[in-house]
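Numbering (numbering that gives the first Met the number 0), first residue to last: 0 to 398.
Among these hints, one or two may not hold up.
Computed list of lysine-lysine pairs in DSSO-like fashion (alpha-carbon distance at most 30 Å, straight line) [claimed, not checked]:
#, residue 1, residue 2
1, K113, K169
2, K193, K146
3, K237, K113
4, K113, K64
5, K237, K214
6, K230, K169
7, K214, K193
8, K214, K146
9, K64, K193
Worth flagging that the hints you see were computed from the coordinates, not collected in a lab.
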Amino acid sequence: MSDTITAPDIIQKRFSTNQTLEGLYLDIPGRVFVALNNGTNGTDVTIESNSQDLLDLILPSVSTKTFGSSSNHSYLNLTHTLPNTTTGGSFLVRVALSYPVAYISTQAQTVVNKGALVNDAQSNVTLNAYNAGSLLYSDDSALTFYKLNLDSSDAAAVQVIAPSLEVAYKLDLSAKDASNVTLAADVAVVSTLKTSAEDAGAVYFQANNHVEVGKLFADAEDAGVINIYPKGSSNSSKVEVEDLGVVNIGSIISQDTVVKATDAGVATVQTTGSLSATTADDSIVYYFNSTPAELPTTHRPSKHKFRRNNPNVVNSTENTYSAFTVLPTPPKQPVAIKFLPHNAESYWTSGWTSMSALPSPTSTSSVGFVGILGLLAAMVFAVAYVMKRSTRVRYQRIQ
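Assemble the whole structure, with the sequences as input and the hints as a guide.
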């Protein structure tokens with residue numbers, strides 16, 4: 000590991016390893032770009048800042064963990080310690096991989112370039128973003144996996160875009176705590192599709208031409224929303240919605256569908272064979288397009304008088320769903336961040352700025368980042384949420 004100074008007053012910390020890496024743990028704020036550097040014997044990490052104090056807080060290392068099997072694999076860890084006084088400055092990380100990886104977990108604003116992910120029929124790939132981080136991956140080649148898991152939590156976002164996708168075993172899409180997961184492909188073939196959205200999380204699976212699914216599972220709870228659209232088919236679909244959850248899979252023609260809806264949950268489905276439904280507490284199931292060959296006629300006995308005696312199943316002429324908005328790729332420029340000291344209350348927010356707008360490097364609590372009040376107002380939900388958790392990392396990304 001070494002430190003160098005480059006113009007204009009940018010300090011670099013470098014870290015290299017010759018170990019073959021299975022994945023990346025990016026437990027840091029800021030902005031990270033991950034790329035495949037073919038022809039190299041090792042992985043190189045370059046961390047840039049205009050503050051030496053800030054660089055000293057960043058701790059790169061390689062550790063051994065178990066992932067996807069009983070064998071151990073090597074992972075790149077980018078983590079940090081906390082300062083004694085508030086420390087801020089510009090921040091940008093570039094990771095040049097010698098081989099593609101199968102696992103990335105991040106709370107930074109992360110861009111993964113084409114080729115940096117393992118892409119073959121035997122691969123088990125996981126992409127995870129948390130704590131308002133984001134993970135963006137776009138590829139102009141077909142993606143093929145044995146298993147693919149996209150997961151986000153705590154106001155984070157994961158976005159994967161490719162022309163085609165094939166998952167031999169299971170595709171798992173999960174969004175929690177006001178986060179979202181987006182997967183977009185013109186054509187997709189998936190053996191088993193499992194989707195879940197909780198606590199205002201949102202899942203978007205867009206297949207412009209067609210998605211072919213063997214078994215489809217969708218579970219939306221606590222105002223979570225799942226959208227699978229605009230064209231597709233499945234052998235079977237199992238849907239659960241509760242506590243204002245919404246599942247929109249009217250675009251998917253399923254042979255047989257089972258729906259359980261409670262506490263004002265709403266599901267929109269399309270079924271050619273049998274539709275089995277259980278509804279309660281002002282929940283509703285819409286069946287779009289053609290009438291299923293077999294509609295539900297019986298209902299589990301209810302002990303509660305306020306529940307319907309028969310399932311609330313209604314025909315709909317409208318296929319309701321929400322489409323995602325593509326997240327823009329951030330510029331390859333530093334982001335301004337600020338770490339709070341050990342004794343500070345734990346909270347953070349996000350944003351980015353150009354180098355010309357960055358504050359002077361500082362390690363005191365008097366740093367003034369212009370625009371923070373407006374940004375905090377825009378992020379009031381996320382800030383209120385994470386302030387409830389005393390274990391949250393003490394740093395800020397400031398616009």
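Going through the hints against the structure:
no. : hint          : verdict
1   : K113 <-> K169 : holds (22 Å)
2   : K193 <-> K146 : holds (11 Å)
3   : K237 <-> K113 : violated (34 Å)
4   : K113 <-> K64  : holds (25 Å)
5   : K237 <-> K214 : holds (8 Å)
6   : K230 <-> K169 : holds (20 Å)
7   : K214 <-> K193 : holds (8 Å)
8   : K214 <-> K146 : holds (14 Å)
9   : K64 <-> K193  : holds (26 Å)
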